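2 protein chains.
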Amino acid sequence: MNSVCGYSIAEYIQKLTDFHGNFAPGLFIGGYMVDIAKRHVCQYEIFDAICESPACLPDAIQMLTPCTIGNGWLKIVDTGRFAIALYEKTGGHGVRISLDAAKLDAYPEIKNWFLRLTAKSEQNRDDLIRQIIDAGDDIYSVREVTVSPGLLRKHKHGGRIALCVSCGEAYPEEDGTVCLACQGMDIYR
Amino acid sequence: MNSVCGYSIAEYIQKLTDFHGNFAPGLFIGGYMVDIAKRHVCQYEIFDAICESPACLPDAIQMLTPCTIGNGWLKIVDTGRFAIALYEKTGGHGVRISLDAAKLDAYPEIKNWFLRLTAKSEQNRDDLIRQIIDAGDDIYSVREVTVSPGLLRKHKHGGRIALCVSCGEAYPEEDGTVCLACQGMDIYR
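If you're matching them up, the sequences are chains A and B in order.
Once you know that position 5 of the first sequence is 4 in numbering that gives the first Met the number 0, the rest is easy, because the numbers rise by one and skip nothing.
Once you know that position 161 of the second sequence is 160 in numbering that gives the first Met the number 0, the rest is easy, because the numbers rise by one and skip nothing.
No lab work stands behind these hints, which were simulated from the structure alone.
Careful: at least some of the hints might be erroneous.
As the list claims (entries may be wrong) - DSSO-like cross-link-like pairs, simulated, lysine-lysine; straight-line CA separation at most 30 Å:
1. B:Lys14 - A:Lys153
2. B:Lys74 - A:Lys88
3. B:Lys37 - A:Lys14
4. A:Lys88 - B:Lys119
5. B:Lys88 - A:Lys153
6. B:Lys153 - A:Lys37
7. A:Lys14 - B:Lys74
8. A:Lys88 - B:Lys14
9. A:Lys153 - B:Lys119
10. A:Lys74 - A:Lys153
11. B:Lys74 - A:Lys119
12. A:Lys74 - B:Lys119
13. B:Lys88 - A:Lys14
14. A:Lys88 - A:Lys74
15. A:Lys14 - B:Lys110
16. A:Lys74 - B:Lys14
17. A:Lys74 - B:Lys102
18. B:Lys110 - A:Lys119
19. B:Lys14 - A:Lys37
20. A:Lys74 - B:Lys88
21. B:Lys88 - A:Lys119
22. A:Lys74 - B:Lys37
23. B:Lys74 - A:Lys37
24. A:Lys110 - B:Lys153
25. B:Lys14 - A:Lys14
26. A:Lys153 - B:Lys37
Since the structure is predicted, the reported quantities are computational estimates derived from the model, not experimental observations.
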């Protein structure tokens, strides 16, 4: 495949490097996963996203879909698996895309990287990129899913805001008599 | 202030709308907060970020700094307070910026929006934007902080990858004998 969500390979590599701060193979692969997923949910006007890994993949979703952490349309549910799902936001019907270890025998550099079979210093980045491009859709598993009700987007009602009597800052009143930070979170020394 | 991190106001509004999917006052304000914070940490070559709210503010940091959720340089620590911190990544020394409710009396539209004193339908967006621009740095509190050791970036060693005997997918072996999802997470029906 010579494009990722409408970007040429070179454009996508530039875009991900600008956003992510450096080139990451997982983010490059993530672009292909988002590309496949978007083809499956194109009938939905609005979709949400789940990312099963906190590393790299969330940035592919944020760069290539309207779903971000800050707008709440992207949720990270850390299962440790290299997978994403895009789904219609109210019913939860959608598609899950995962990089499939069982499909990597023809792509040794991808397999080495994914399963950490070789040290990073022994990996050949050019070969890795070439194999990801050559593989196209072949190395992913695609599964229809319905997201569990507990994870579907809730309509936010916007509760009352209070001023914390301890730190003086504004916080959601429903959090308690003082803000969560003053209830004992260890953030700043 | 007529610029946000080098962007003109119009450019920044376009940029945030493109990334976030719609205009959000909190994200517009977040741009000013990041602008102030960056002026304080410009001596550091590499800095990390903490965002104390999961709504809007993370996107300002992701758009205007190299820190993203996917590269791990941005952490969300949900205290419910409208604040961010940028800090030198190893020692944790940096600066915390918060929108200060005590400084909003001269900016009634900002106060109404921030403390939810009026319904969204009664807020005047143009006045709100104008007051945010007019206020410049005046409505924020700036505090030097040292981030707690538990939140500082760890060097990732990249443990072994196993194939889950239940779902067959690759996962970090240290998570257990099966992956976290197969240990009972409720994600898909």
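Hints, verified against the model:
1. Proposed proximity of B:Lys14 and A:Lys153 is supported: the alpha carbons are some 26 Å apart, at most 30 Å.
2. Among the hinted pairs, B:Lys74 with A:Lys88 is consistent with the structure: their alpha-carbon atoms are about 25 Å apart, no more than 30 Å.
3. Distance restraint check for B:Lys37 and A:Lys14: the Cα-Cα separation of roughly 22 Å lies within the 30 Å cut-off, and the hinted pair is therefore satisfied.
4. Of the pairs offered as hints, the one joining A:Lys88 and B:Lys119 holds, with about 23 Å between alpha carbons and a cut-off of 30 Å not exceeded.
5. Of the supplied pair hints, the one linking B:Lys88 and A:Lys153 is violated, its CA atoms being roughly 35 Å apart against a limit of 30 Å.
6. Simply put, B:Lys153 and A:Lys37 have alpha-carbon atoms about 34 Å apart, too far for the 30 Å limit, and the pair is violated.
7. At roughly 22 Å between alpha-carbon atoms, A:Lys14 and B:Lys74 fall within 30 Å of each other, so this suggested pair holds.
8. Of the pairs offered as hints, the one joining A:Lys88 and B:Lys14 holds, with about 24 Å between alpha carbons and a cut-off of 30 Å not exceeded.
9. Of the supplied pair hints, the one linking A:Lys153 and B:Lys119 holds, its CA atoms being roughly 18 Å apart against a limit of 30 Å.
10. A threshold of 30 Å between alpha carbons decides the hint, and for A:Lys74 with A:Lys153 the separation of about 12 Å falls inside it, so the pair holds.
11. Annotation: proposed proximity of B:Lys74 to A:Lys119 holds, straight-line Cα distance about 25 Å (limit 30 Å).
12. A distance of roughly 25 Å separates the Cα atoms of A:Lys74 and B:Lys119; the hinted pair therefore holds under the 30 Å criterion.
13. For the given pair, B:Lys88 sits about 24 Å from A:Lys14 by alpha-carbon distance, which is consistent with the 30 Å threshold.
14. This hinted pair checks out: A:Lys88 and A:Lys74 have alpha carbons roughly 12 Å apart, not beyond 30 Å.
15. The straight-line distance between the Cα atoms of A:Lys14 and B:Lys110 is roughly 37 Å, outside the 30 Å bound, and the hint therefore fails.
16. For a cut-off of 30 Å, the pair hint linking A:Lys74 to B:Lys14 stands: about 22 Å separates their Cα positions.
17. Between A:Lys74 and B:Lys102 the CA atoms are separated by roughly 34 Å; this puts the pair beyond 30 Å, and the hint is violated.
18. Pair hint B:Lys110 plus A:Lys119 does not hold up; C-alpha atoms about 51 Å apart against a cutoff of 30 Å.
19. Between the alpha carbons of B:Lys14 and A:Lys37 the distance comes to roughly 22 Å, so the proposed pair stays at or under 30 Å and holds.
20. Simply put, A:Lys74 and B:Lys88 have alpha-carbon atoms about 25 Å apart, close enough for the 30 Å limit, and the pair holds.
21. Proposed proximity of B:Lys88 and A:Lys119 is supported: the alpha carbons are some 23 Å apart, at most 30 Å.
22. Distance hint between A:Lys74 and B:Lys37 is fulfilled; the C-alpha atoms sit about 27 Å from each other, no more than 30 Å.
23. Our distance criterion of 30 Å between C-alpha atoms is met by B:Lys74 and A:Lys37, whose separation comes to about 27 Å.
24. Between A:Lys110 and B:Lys153, the direct Cα distance comes to roughly 26 Å. Compliance with the 30 Å bound is thereby established for this hinted pair.
25. Among the hinted pairs, B:Lys14 with A:Lys14 is consistent with the structure: their alpha-carbon atoms are about 14 Å apart, no more than 30 Å.
26. Simply put, A:Lys153 and B:Lys37 have alpha-carbon atoms about 34 Å apart, too far for the 30 Å limit, and the pair is violated.
In the structure shown, a violation is registered for the earlier hints numbered 5, 6, 15, 17, 18 and 26, in ascending order.
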